[in-house]
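K.L.:
With chain S fixed as given, assemble chain A onto it according to the hints.
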Amino acid sequence: MTAPNEPAFSLDGVSYAYAQGPAALSRVSFEIGRGETVMLLGANGAGKSTLLRLMDVLMAPTAGHIRAFGREVSPDLLRDTALSRWFRSRVGFVFQDADAQLFSPTVEEELMFGPLHLGLAADEARRRAHELAASFDIERLLDRAPFRLSGGEKRRVALACTLAVNPGVILMDEPTTGLDPKSESWLIDMMHQLAAAGKTIVAATHSLHLAAEVGDRAIVLGSGIGLVADGPARAVLTDLDLLERANLIHTHTHAHDDDSHAHPHTHAGVHTHGEDGS
Amino acid sequence: MHIPDAMISPATCAAAGAAMAPAWWYSARRLRLDLDTRRAPFLAMASAFCFVLQMFNVPVIGGTTAHPVGSVMVAILLGPWAAIMAASVALLVQALFFGDGGVLAWGANSFTMAFAMPLMGYAAYRAIAAGRCSTRRRAVAAFVAGYLGANLAALLTATVLGIQPAVSHDAAGRALYFPFDLRVTVPALMIPHLAVVGLVEGAITAFALRFAQAGGLVGDEGSTDAGSRVNLKPGWVALALLVALAPLGLLATGEAWGEWDKATLSKMAGYTPRLYSTAEEHGWKGFNLLPDYNSERGAGAYIASALLGGAVAVLLGLAITASLRRRRTPAGRDGPTRPGGNGPCTGKLPDWLLVDQGEDDPPMVERRRGADFVERSLTGISGAGADSLRLEEWSRLPGPIQALDPRSKVIGLGLLLVGCACAASWASIAAMAVLVLALSLLSGAPPLRIWARAGVGTAMFSAAGILPAAFSLDQHAEPLLVLVSDPYLSITAHGLSYVALATTRVLLCLVSVSVVVSCTRWQLLLRGLGALGAPRSLTVVLEMTYRYTAVILATLHEMLIARRSRTPGATPPGKGRQYLGAVAAVLIWKSLKLTDDIHSAMVSRGWRGEFVTGDRLLLAPADWAWLAGIGGATAASMLLGART
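Each protein sequence line maps, in turn, to chains S and A. Note that the first sequence covers residues 109 to 386 in this note's numbering. Note that the second sequence covers residues -13 to 630 in this note's numbering.
Derived by calculation from the structure, the hints in this document are not laboratory data. Careful, some of the hints might be misleading.
[Stated by the list, open to error] So the derived label-pair ranges between C-beta atoms look like this: (1) Asp337/A with Pro289/S: 34 to 40 Å; (2) Cys119/A with Thr189/S: 36 to 42 Å; (3) Glu180/S with Ala517/A: 38 to 44 Å; (4) His300/S with Leu339/A: 41 to 47 Å; (5) Ala305/S with Ala517/A: 24 to 30 Å; (6) Cys119/A with Asp324/S: 22 to 28 Å; (7) Ser243/S with Gly117/A: 54 to 60 Å; (8) Ser293/S with Ala517/A: 41 to 47 Å; (9) Thr189/S with Pro386/A: 43 to 49 Å; (10) Ala116/A with Gly178/S: 45 to 51 Å; (11) Leu339/A with Asp324/S: 41 to 47 Å; (12) Thr189/S with Gly117/A: 31 to 37 Å; (13) Ala389/A with Ala171/S: 54 to 60 Å.
Virtual Cβ for every residue (Gly too), placed ideally from N, Cα, C.
Next comes chain S alone, as it looks inside the complex (with noise of 0.2 Å):
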């Protein structure tokens, strides 16, 4: 149905404006190839959200166009039941808030939904909930309700049920925000070993940490401006000019011993004190 070669997305000049609010994206346009790991980086309110909302097709651009796999989709197109099965169980979404995306009775309800909705047999979902929570280590939560769980095991249950349907694209919206140190270990394992599974994943995150864990590619959008940069993720995040530009780092001061340093913060791993310190 598809040609092999289509990139997964590709955006021409989408725009996006809220009811009375000043443009929350204008004319972004790029591609995204299959098995790509992408990060979408930007400050609040520069409209990663609102990227992402528009490539799941939950809401339709001001102006632009939006094709997946090749085929052009916007929330009308979707209406067609094919086409919205078909897209809907290559593109899997996990959601900012975890209270929002998990709404079923019990997490076992949780991750069969997808794969129920999409038409797979009750066996065969059930059989794919159970081992999916064996593998994410939420097996004892199955009999849970979502909405009491931790705020930890919530974006584990989130993620395995947008993987029930085994989606070819992972949209992301910040992933780590929220997750405790081991947790988010583990859930950078776990974005590695999807992205080495051929999964493309587009993940929005203020994380420049992750970022540079996981990401091959950076697209950075600026407030208002659309796209302030694309390219390979360690170019664009060694890029202390346009990281400062796009209100991701800040000026920040640093005490070592006695002595304070002042210097430009990416919190993308390493920095060095040197000459940048004064």
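P.N.:
Structure of chain A alone, referenced to chain S:
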């Protein structure tokens, strides 16, 4: 306004249920037709919101509390069919989890608050805000709709209760169920609703409409000034007018309150309404703003009370408006923050912040602050939420009742309630009590906690509704104990026995619901309902309502904690109400936001308006034994009751 089980006769329950059946069926059908994918979660959120609103008890004159319902708001936002469904769902969740309103009486409660009220409100709204009109006019229309709807619901509730002495009484003409007739119930319910609750309902309806329009969740089609600042002046004028008119309405409701002919009333059932209020004054210490309202001063006191009630409503309205205004100024609407807000944080801290407070010895504890009204009601509400969640833990214990098939549990609960409600003699009450006690012991849940919970609910209902029946002003009735000889006031044996019987009956019904519900996982209970033919749209909305309610209650709880951490001293007067207004505003806002998010999450995983589940149900021999046992007990209770 909630009627508990065993307060009205099973026949009335059946009649009201039968009257509601076509309404439920039709609205379920209509909803399936136009349940555009966005609406199911919205509907559940509306229902959860009605639920939480109904927990905000507004203190009203005379020691009772009343509460807004919210069904008119849903009717305006989502249409009358959705309102019938959402409000019915809210009432069912309350009956099942909080013992607020009965399960058998669900039909009657739904008829007043989920059927008549939203339809009345919707009609009023459409009549006033027809076609293209200004946002302001819509707000006024919503206000009037809420006011009228609440008052119609109160009138119907009063009617359902007030006809009980006439429709079910023993051979001597004494009431078997609710003891007071229309001349008591109509003023008792109408005065608070005309004066206070109606206004609150109207205000909530109008503000919810504004919120929904601002959040882009309802179309603002035909609005001539969308987005501009609302001029609330006409709203206040309408409110003032309503306050002024309220006393007139009271005077029109009948032979001016408090001046009934004692002899006539005594003849009716042996109880008189003045006793009702006497008992209320002495026994039930509520929020008695005007203790002398039932004195001989008559109408004057009512006008004063209406003004007072109106003032409370105005304060609440002002508080909500003030909180809205504060929200809007800094960042504008929902859109992104203004550019520059994310600049590097180079600002210097103010000098005072760099100096330590200094070291004082901690003061000795002198006087501990008592909780004020706002704190009490919020703590109560969030506590009730925690309590209902504990119920869910009990459903996971191993136990014979937990193991039953949900269908047989649903049928069994129905039979059990009919058995308890029909118990008209002490013999049948005793039989049902033994059965209910056995079930509560079998459940595996802590029986004391179940009975204590139900006991609190029973006390609440019986204090206002049943207890006054023990007293008599009638010198011809045989007194058991004369309390005061001039004016004459006594306790009668018949009155006492009636009070004990009716209270026990209410208690047994509440325990029955509590036992069955706490031993059943919510989704299994719903599956049972579904398997027995409940419409899909009902169970789907019920399922989500439960979840949303938990989320809203958790939010409320967090807000309460946050407030406590910032209020070291006593709340200054007036601040409490302002805070309550702010809480309401934040809850509305969060509810709408969450609805939208959840809808997106569902669509993203392939939901297209139809729910799919993968479960099978199986009836085992234990289920048949359970049904036979309860069926037998119920039949025995009805027979024993009929013989005496």
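K.L.:
Does each hint hold? Answer for all of them.
P.N.:
Okay, the hints, checked on the actual structure:
Restraint check, Asp337/A to Pro289/S: a C-beta distance of roughly 36 Å satisfies the suggested window 34 to 40 Å. Separation of Cys119/A from Thr189/S is about 39 Å and conforms to the stated range, judged on CB atoms against 36 to 42 Å. Hint check: Glu180/S to Ala517/A, Cβ distance near 43 Å, so the stated range 38 to 44 Å holds. Between His300/S and Leu339/A the C-beta distance comes to about 44 Å, which sits within the given range of 41 to 47 Å.
For the pair Ala305/S and Ala517/A, the beta carbons lie near 40 Å from each other, so the given range of 24 to 30 Å is not met. Between Cys119/A and Asp324/S, the C-beta spacing of about 55 Å breaks the proposed range 22 to 28 Å. Between Ser243/S and Gly117/A the beta carbon distance is about 58 Å. The supplied range of 54 to 60 Å therefore holds. A hinted range of 41 to 47 Å holds for the C-beta pair Ser293/S and Ala517/A, which are about 46 Å apart.
Under the hint 43 to 49 Å, the C-beta atoms of Thr189/S and Pro386/A, about 45 Å apart, fit the expected range. The hinted window of 45 to 51 Å between Ala116/A and Gly178/S holds, with their beta carbons roughly 49 Å apart. Range check, Leu339/A to Asp324/S: Cβ separation about 44 Å, and the 41 to 47 Å hint holds. As the Cβ distance of Thr189/S to Gly117/A is approximately 36 Å, the hint placing it in 31 to 37 Å holds.
A hinted range of 54 to 60 Å for the beta carbons of Ala389/A and Ala171/S is consistent with their spacing of about 59 Å.
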